[in-house]
Each structure stands twice: as C-alpha cells, then as structure tokens.
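Here the protein sequences line up with chains S and H, keeping their order.
1 is the number of the first residue of the first sequence in the numbering used here; add one for each residue after it.
1001 is the number of the first residue of the second sequence in the numbering used here; add one for each residue after it.
It cannot be assumed that every hint is accurate.
[As the list claims (entries may be wrong)] Restraint-style ranges between C-beta atoms, simulated for each label pair:
1) H:E1145 to S:A201: 14 to 24 Å
2) S:P77 to H:Q1055: 18 to 28 Å
3) S:R102 to H:R1219: 32 to 42 Å
4) S:V144 to H:Q1080: 53 to 63 Å
[Unchecked claim] Far from chain H, by Cβ distances over 12 Å, these chain S residues were calculated:
5) E34
6) A66
7) A81
In case anyone wonders, no lab produced these hints; they're calculated from the structure.
For each residue, glycine too, the CB sits at the ideal point set by N, CA and C.
Protein chains: 2
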Amino acid sequence: MSQNKGVAVESLWPTPKIQRSGATGPLLRQERAERTREQILHCAARIFAERGYQQTGIKDVADEVAMTKGAVYFHFPNKQALAIAVVDELYSRWPVTLEAVRGKGLSPLDTVIEMFNAATVAFLEDPIMQAGTRLQNERDAVDVELPPPYVDWTNLISMLMREAHQQGQLAQHVDPDVAARVAVAAFFGAQHISDNLNGRADFAERWREVRDTLFPALRARPSLATDPDRPVTRG
Amino acid sequence: MSQNKGVAVESLWPTPKIQRSGATGPLLRQERAERTREQILHCAARIFAERGYQQTGIKDVADEVAMTKGAVYFHFPNKQALAIAVVDELYSRWPVTLEAVRGKGLSPLDTVIEMFNAATVAFLEDPIMQAGTRLQNERDAVDVELPPPYVDWTNLISMLMREAHQQGQLAQHVDPDVAARVAVAAFFGAQHISDNLNGRADFAERWREVRDTLFPALRARPSLATDPDRPVTRG
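Please build the complete structure, drawing on both the sequences and the hints.
This is the structure:
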C-alpha cells in the first residue's frame, strides 16, 4: 500500500463504507443493492487504476469482486457506465472534503492548502482518485464522454481564493481567479510529472515544494500600518 | 492553423526544412533519403497529434505523404519506430532552442522565461511538439518504451536556475532545483489543463499567468545596499 508520506493532514477524504452483506443482520433490499454497487465500483476503480481502460474488462471486475458477470451487468450495463460512475464518484467527493476542511475553521487561504493536502493523500491512497485521473488521461481511448476534468476543482479553489481576497489575505496585486488557476496548474502538473516518472513516489514532496514556493507569493504581507508586532524604530 | 496568440517571442524553435525532392537539382542519394525520412516523420507527427497512437496506421502516414507503404517501411520498420522517432526528434530540439535563446544575451532567469515562451509557441504550432506530448500521454497504449518525459527539460531549467542563483538573481530563500521543478510543474500543468479543456486555445494566456505569478516570487529584490537607483531619503 502507498503511504501518506508526511503530508500533515488526517484523512479528510470520504472513506468508502464497504461492508460485506449480512455482516450486521438483515438489510433492506435497496441498501444491499447499493452496497453491492459500491463494492463493484471500488473493485473496478482498483483495476482501472492499475491497468487502464482498455486493459480492463467486465470479467476482470466480476472476478475481483467474486460475482458473476451477470451480477455486475445488473448494476452497470457496460464498461463505459463503470468508467463514468468512477469519475462521477470522484467528483462527488470534493464538496464532502470541503465540508470536512471547513470544519477546521481555517482561513480561506489555509483552506486551499488543506484541500490540496487532502487531494495529495487521495492521489497516493485512493483508487477512486487514481482511477478517475487515469481515465481522464485516457479519455480519447474511453469510448464515451466523461465529465470534463479540472473544472469543478478550479471553481472550488477560485471560490476560496475570492474569500481570501475579500478577507485581505491575498497580496494586493494578486487576482484570486488567476491565483486559483496557477495553483491548480502547479498542483496537477506536479502530480502528473511525479506519476509519469516514478508512480507518484515523490509526489508529497513535490507538492510541498509547490506549496512553499507559490503560496508565500500569493499571501499578503502583514501591513506595516496595522501589524502590532511592527518593531518601533526611530525616524 | 493555430496562432502565436501574443507570446512575445519570435520563433526560436528549429523549423523543419522540408523540401520536395528534385526542387534544387540532383541530390545525393543520402540527402534525398534524409529528406524523405523527414517528410514522413512530419506527416506522421501531424496524424499522431490529431488522432493519437492507436488510431494512426502506417497506411494513413503513407497516404498523407503520398508514398507507398513500402516506401514508409523502408525508413521506419513499424509504427513503434515512428513514435520513438517523433519523441526523439522533439527532445533533440531543446538544446538547439537553448542555443538560439542564449544568443539573445539575456540573464539566466530571463533565459528560463524565454525557453518557456518558445515551448509555448511550439505547443501551439508545431506538430512534433503536439505529437510527442500526445504520445507521452498515451504511453501505456504505445507498445514500446518511449524515452521518459520531463527529465531533459527539468535538467535544462535546473541548469539555468543554478546560473541564476550564482549570479544573485534568485531570492535568498529559493533553491534553484526546487524553483526549476515548480516552474516545470506549473508550465506543463497549465498546458495539460488547457489542452484538455479547450485544445490549448487559452494556453498562451495561461502561461502568462503562471509566469507573472511565479517568477516575481523567485527573483531577488534589488538590494537596498547596492541598488544605484535607490532613492535618497532622509533618515
């Protein structure tokens, strides 16, 4: 299993609550169906992440989840539907993660950093994130249209950067939407390069470099007029 | 055709000198063979860039270049060899571009910016760059090992950043290798996102945002002790 590699964040990423059916007594049929669907989805994500879209078949997923192909087809009519479901599942997690990070009561700019920390952990540990990203990279080979990548994420970071701007956290010359786009580009660029060169083994370190280089440049310096720690000097 | 879109740089990118055989009198057999190879390579690049590796066949390349499949096979034994040749051709251009930029006599940090400007133009206009990048993204589908991406480019930018450091151009807290990795991540991340979302239509603008956000943070401020333009003030 891959490791957190020192990114200082507890898991803010929603963990799948997979449970073998029958573990806690009788379940309603609907609940059981949902759990089965979730199990299939997570197995499919692991295989998509490892082998890519073209090398993954419904049969592989069925074998991995120890079901018949028919049982898998009951939930997902084909491989395309599985790929879309993985990407949808990935995108549905960001708002949940944002709520968890909001709960920590950080400033908007530190909320941005914590969101990237959470995404770093997800890239290193979560098959849904790994599979969703791989499917997006292979979107030309995926014979169905996937929801567009980067858009939701950029909008989310833009919203937080605008809050940071309103609260005077950004340096005066910084446009919050530009700051969001540059941060997203640097983060996903570092991830993409690390994934290509060494399977993300150094990604946590590469993200820390982006964070420590970029964010001090975005942040407002303490105002001389209002900084209570300003040393008193003679004029 | 795509446009330069306002990146302020003349083409520093080596242009292919393709010429139809027979245009300037008799050519030595060797020269003619080299030109034919170059023609095939550039046609293949255009098709790889447009359709991707799997949707490109030797037959498509032969049709595009108006030759028989046999003529293409004489130069490239198979599609894998064509893909490797495109990537090799791409990588061979950076040192040539660096020499052209060096000729402008810029400081090391401005040489870095000019190299990224040249790469931006290449992403927008040059099929070799577009095809090489697409093949790298599809490397799992390419059934032969390609030379690794990003490594040469990161080394080149690191070398320039170290020069910038030696000449006192970098802010004191900036590690030149970190600066190189972060700049490369932000540049290629912006390119990747722009390519995914709108076929690079906004890439020149996205690169300018990266440049104007990141580079001022890397650059040393003029020292108060040595800046000859320092305004004289009363203490």
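Results for each hint:
no. : hint                          : result
1   : H:E1145 to S:A201: 14 to 24 Å : holds (19 Å)
2   : S:P77 to H:Q1055: 18 to 28 Å  : holds (25 Å)
3   : S:R102 to H:R1219: 32 to 42 Å : holds (35 Å)
4   : S:V144 to H:Q1080: 53 to 63 Å : violated (28 Å)
5   : E34                           : holds (32 Å)
6   : A66                           : holds (27 Å)
7   : A81                           : holds (22 Å)
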